[in-house]
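S.K.: As you go down the protein sequences, you meet chains E and W in turn. Per my numbering, the very first residue in the first sequence carries number 1; after that it's consecutive. Per my numbering, the very first residue in the second sequence carries number 1; after that it's consecutive.
Note that these hints are calculated values from the structure, not bench results. Treat each hint with caution, since some may be false.
If several chains are the same, the list does not tell them apart, and a pair holds so long as it fits within one copy or across any two.
With a cut-off of at most 25 angstroms between alpha-carbon atoms, the simulated DSS-like pairs for lysine-lysine come out as follows [to be verified]: (1) K100 with K171; (2) K197 with K285; (3) K127 with K70; (4) K82 with K184; (5) K100 with K19; (6) K127 with K100; (7) K294 with K262; (8) K129 with K100; (9) K82 with K197; (10) K285 with K100; (11) K184 with K262.
So you can see what is in the structure, the chains are spelled out below.
There are 2 protein chains.
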Amino acid sequence: MSEPIAFINEEFVPAHEAKIPILEPTFTKSDVVYDTISSTDNLIFRLDDHLDRFENSCDSMQINPPYNRKEIATIIATCADKTGYEDTCITIMGTRGPYKDITSRDPRTCQNGLIAVAMPYYYVIPKEKAQKGVNLSIVDNKRVPSESVDARIKNFNWMDLTRGLLEAYDKGGDSAILCTPDGKVSEGPGFNIWLAKDGHLKTPKGNLLEGITRKTIFELASEIGLNATETEVYPEELREADEAFTSTTAGAIAAVVEIDGKPLGNGAPGLLTGRLNDLYWNKRKDGWHGTPVKSLLT
Amino acid sequence: MSEPIAFINEEFVPAHEAKIPILEPTFTKSDVVYDTISSTDNLIFRLDDHLDRFENSCDSMQINPPYNRKEIATIIATCADKTGYEDTCITIMGTRGPYKDITSRDPRTCQNGLIAVAMPYYYVIPKEKAQKGVNLSIVDNKRVPSESVDARIKNFNWMDLTRGLLEAYDKGGDSAILCTPDGKVSEGPGFNIWLAKDGHLKTPKGNLLEGITRKTIFELASEIGLNATETEVYPEELREADEAFTSTTAGAIAAVVEIDGKPLGNGAPGLLTGRLNDLYWNKRKDGWHGTPVKSLLT
């Protein structure tokens, strides 16, 4: 039987049994960083890139999980392996942990921890929608600016993104695109955004999570001779693009066919988008950037 | 024996047993609103004000806890009563709850919940420090602006505040004051800030939690004939104030005696600050705005 598996308190347990105390600032201050990694055909994609980012997130918040990089890789692989699924999403979390005593509010006194959980591979934008192409709303709610919370530190402080998502749903969108307070396109709840115009790819720069799939798309674009740049992007450019797509670990590439309910380009999933998506999945199937789960087990 | 008590999954349990699943967006998206209420001498302070604010927080995030106002009041009182403490802080949380299935990311499918927890009355700024007077650092990390997350919705998205706190500690401060990206004083991690200059009180307006203790101070100031206004406040005004103090449910009023390590006013806890603090506690002792815990039990 296959089932989601978590690693918590030094044990591997069915994920639904994994719980954290409501008094920990991990929860009450959302004082936790994370990363989400995927495996397909029992190959973990770009493990080192994810571990680099996770370590950077931990360092930026002065969180020191009690395992080294090699041990964390083994925990990730063991979670994935124990699920019984060949295709998984694995989330690792560096937690602030419990305060020294119940009335303390000093994060420096906390015992930092590590939690991991592996589940069947899932899609931030549901697969059926991603295949037909999605309608994204450019919402009024703004993305938190980097000077408040650096989005490169992958974290659970999602209230701006959740508010954006609820606003998008209210407007009939499948998901949201948030802009920074100064009006530049940032990202959506769980994905980066790309546009294609006259055969060139563009993705926003700054004030966003620097996605591993985003990084991958630069490599894929280069491979097929497409020009791709990270730069400031304004909502109008997105509305006037020939194509647009989202990129994320959980779901890879999804074509955008409408912005704010208005057709984008010719209103069908873009040809470049499709080409990049096929290339992405074909290369993964061939083992590109893949680390076998089995090779990491102890 | 006295011990912290939580209400979770329709049961009252010792607080250390209360846990939430790591897969709930309540945790993974910090998709939860809350309020913290205090009781002293078994009298709950300004219960209706806290319930009003909590209801507003829930509404703003489209979270509908499965209890009505009267039932929530009873849950709060029952938690406080069961602890055995006469002086408590009680936190209520409106939770997004679990997704409909493990791979869904749609918050609209979640079953919203309510958690409450009562613990001994505590001090956001430790009592010993509050009595001597605290050194606050005006930190570089900015407060999240209202257009991203409305701070009036009391929430656990504390990463900006935690980053500010860690930065303050690094600079030798006891706690932090954060400014908005446009440079105005906002609030600290868990408290509002006030200054006194030439006998007038000022507190920042906008982009901050509208504290119940902050509201109370307006009433106390009026009672003793002090002029008190909410208005834009800039860091320089705070540095040049005669007195400053923090206000919060968990700890009430704490005198600020240094800003960025430099003495404020005459470097001792201010006289107006002390007068307001004494008045606050004397009036609470007299039952002002107090609802007996016992009156709410069923």
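S.K.: Next, verify each hint and record whether it holds.
M.R.: Now for the hints, and whether the structure bears them out:
When the C-alpha separation of K100 and K171 is checked against a cutoff of 25 angstroms, the pair qualifies only between copies, where the shortest distance is 22 angstroms, while the shortest distance within a copy is 46 angstroms. When the C-alpha separation of K197 and K285 is checked against a cutoff of 25 angstroms, the pair qualifies neither within a copy, at 29 angstroms, nor between copies, at 69 angstroms. Taking the shortest Cα distances, K127 and K70 never come within 25 angstroms of each other, neither inside one copy (33 angstroms) nor across copies (43 angstroms). In this homomeric assembly, K82 and K184 never come within 25 angstroms of each other (Cα to Cα): the closest approach is 43 angstroms inside a single copy and 51 angstroms across copies.
For a Cα distance limit of 25 angstroms, the shortest separation of K100 from K19 qualifies both inside one copy, at 19 angstroms, and across copies, at 18 angstroms. Proximity of K127 and K100 under a CA criterion of 25 angstroms is satisfied inter-copy only: 17 angstroms between copies versus 44 angstroms inside one chain copy. Proximity of K294 to K262 under the C-alpha cut-off of 25 angstroms is found in neither arrangement, the shortest distances being 47 angstroms within a copy and 58 angstroms between copies. In this assembly of identical chains, K129 and K100 lie within 25 angstroms of each other by CA distance solely across copies; the values are 18 angstroms between and 46 angstroms within a copy.
For the identical chains of this complex, K82 and K197 are neighbours neither inside a copy (44 angstroms) nor across copies (64 angstroms), given an alpha-carbon limit of 25 angstroms. For the homomeric pair K285 and K100, neither the shortest alpha-carbon distance inside one copy (47 angstroms) nor that between copies (31 angstroms) is at most 25 angstroms. For the homomeric pair K184 and K262, the shortest alpha-carbon distance inside one copy (20 angstroms) is at most 25 angstroms, but the shortest distance between copies (39 angstroms) is not.
When the structure is compared with the earlier hints, violations turn up for hints 2, 3, 4, 7, 9 and 10 and for no others.
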